[in-house]
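Sequences are here, hints too, so could you generate the full structure?
First to last, the sequence lines map onto chains B and C.
My numbering numbers the first residue of the first sequence as 275 and each following residue consecutively.
My numbering numbers the first residue of the second sequence as 275 and each following residue consecutively.
One thing to keep in mind: the hints can contain errors.
As the list makes no split between identical chains, a pair holds if one copy fits it or if it spans any two.
Stated by the list, open to error - DSS-like, lysine-lysine: derived pairs with alpha carbons at most 27 Å apart: (1) Lys333 with Lys473; (2) Lys384 with Lys333; (3) Lys417 with Lys458; (4) Lys366 with Lys331.
These are calculated hints, taken from the structure and not from any lab test.
Predicted, not measured: the structure shown is a model, and the values here were computed from it.
2 protein chains.
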Amino acid sequence: MSSDINLKELSRGFKTKKSILASSLALFSSNGFKATTVRDIANSVGVKQSALYNHFKNKDEILETLIEELMTSAIANIFTPKDSPSERLHGKSMLLSISTTFKLISFDIKNEALFKLLIQEIYNNERVREIYNEYFYQTNVKKLSSILFEMMQNDTIRSNDPLILANEFFSPLFFYQMQISLLKQDKKSTSAVVSLFEKHVDFFWDNIKSERC
Amino acid sequence: MSSDINLKELSRGFKTKKSILASSLALFSSNGFKATTVRDIANSVGVKQSALYNHFKNKDEILETLIEELMTSAIANIFTPKDSPSERLHGKSMLLSISTTFKLISFDIKNEALFKLLIQEIYNNERVREIYNEYFYQTNVKKLSSILFEMMQNDTIRSNDPLILANEFFSPLFFYQMQISLLKQDKKSTSAVVSLFEKHVDFFWDNIKSERC
DNA sequence: GTCTATAAAGTGATAGAC
DNA sequence: GTCTATCACTTTATAGAC
Numbered sequence: 275m276s277s278d279i280n281l282k283e284l285s286r287g288f289k290t291k292k293s294i295l296a297s298s299l300a301l302f303s304s305n306g307f308k309a310t311t312v313r314d315i316a317n318s319v320g321v322k323q324s325a326l327y328n329h330f331k332n333k334d335e336i337l338e339t340l341i342e343e344l345m346t347s348a349i350a351n352i353f354t355p356k357d358s359p360s361e362r363l364h365g366k367s368m369l370l371s372i373s374t375t376f377k378l379i380s381f382d383i384k385n386e387a388l389f390k391l392l393i394q395e396i397y398n399n400e401r402v403r404e405i406y407n408e409y410f411y412q413t414n415v416k417k418l419s420s421i422l423f424e425m426m427q428n429d430t431i432r433s434n435d436p437l438i439l440a441n442e443f444f445s446p447l448f449f450y451q452m453q454i455s456l457l458k459q460d461k462k463s464t465s466a467v468v469s470l471f472e473k474h475v476d477f478f479w480d481n482i483k484s485e486r487c
Numbered sequence: 275m276s277s278d279i280n281l282k283e284l285s286r287g288f289k290t291k292k293s294i295l296a297s298s299l300a301l302f303s304s305n306g307f308k309a310t311t312v313r314d315i316a317n318s319v320g321v322k323q324s325a326l327y328n329h330f331k332n333k334d335e336i337l338e339t340l341i342e343e344l345m346t347s348a349i350a351n352i353f354t355p356k357d358s359p360s361e362r363l364h365g366k367s368m369l370l371s372i373s374t375t376f377k378l379i380s381f382d383i384k385n386e387a388l389f390k391l392l393i394q395e396i397y398n399n400e401r402v403r404e405i406y407n408e409y410f411y412q413t414n415v416k417k418l419s420s421i422l423f424e425m426m427q428n429d430t431i432r433s434n435d436p437l438i439l440a441n442e443f444f445s446p447l448f449f450y451q452m453q454i455s456l457l458k459q460d461k462k463s464t465s466a467v468v469s470l471f472e473k474h475v476d477f478f479w480d481n482i483k484s485e486r487c
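Set out below in structure tokens:
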């Protein structure tokens, strides 16, 4: 809203910087960071390669900028969207909501590219591992675990180790997401895997809910 | 066994070829294929880079050879070890055996390297995706699914879609295996995740077994 | 089969005009 | 901020002596 932000967005330079990041993400995620040259990026943006150096110190800085975006992307924020305290969901609906948020990541172009970048660079880049582990895995599993613990207190679900349950709920979602991105890579149908997101919730809920027999 | 195999193994050339593959696997899996130079490989083997070309047409052929090894590695053969018809396991023991085989992959240096190579190259290399999908995912999920179907016939487990169950059993194992390889990368403790392999079987079995209430 | 030497192309990054 | 030009270096791969 403040006018200087609009000025920034309209200026040529800012548009180029954004464009460099967008092109780089697309190229890195489909060809890998190391296999992508600064010339590839420049061609994709529509400028000469030397122009990139007005916006980034070097090629690594482009990657680092993208990696930091992982933290604020949907990939690292499975909960926030529907976790507003007023309309907070309960029980199975809450799990279904998480599962759906997870599923939708694969169908947003930017999030999907960030996910592919994450997987490809996770063994080579310590910062990627750090963000994955801290902001994606640990945070979400702990949050999930405390929600499940609450449910045990309410007798909504049976008593069990919440951390194990959280891992059991989380891991198939991650795997299915990866499956979808692989199928899309080869332009294969994703419908069978997409349906597993809901079926996972059914299966999981059936095992933890307290009203038994 | 036969003497010509021993002669082969003793000859200088054969040893070099094996050494190139071993060094390449180690380097590719920890630094990535593209980031590893033929010089790196040659240095690791202890020969000059030009010597590599007496054994492989080019750098790509080294990768291709390693990729084909994925097919015959433990990664693609979760079942075979203990699936000898005579001493075939049943019910939960069978699932536990699969889980253990899975877990042990992460603790065999070569299998772990192949797994890391698989993950790193899966988005860049179509053949890797093909082997992953056909020989790792599809084959094992289908095999598992037919075993589960048998169990339903025997009334050992409750009636359900066997393919969904197979995916639900398979996906956490894959995820936990990846977690372990990431923890090892940073020399962190893996014990918490290692214990999840067994706990997953418990949790899963509890949900599918037929003797209820 | 391994070596030295070298070709041929690619790559990241900088300098300086506009 | 973008361009042309260029540098310094790396990388894959080949040629030919031993």
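Verification of the hints:
1. Lys333 with Lys473: neither (42 Å within a copy, 44 Å between copies)
2. Lys384 with Lys333: Within one copy, since 20 Å is at most 27 Å while 32 Å is not.
3. Lys417 with Lys458: between (30 Å within a copy, 25 Å between copies)
4. Lys366 with Lys331: Cα proximity of Lys366 and Lys331: none, with 48 Å in one copy and 57 Å across.
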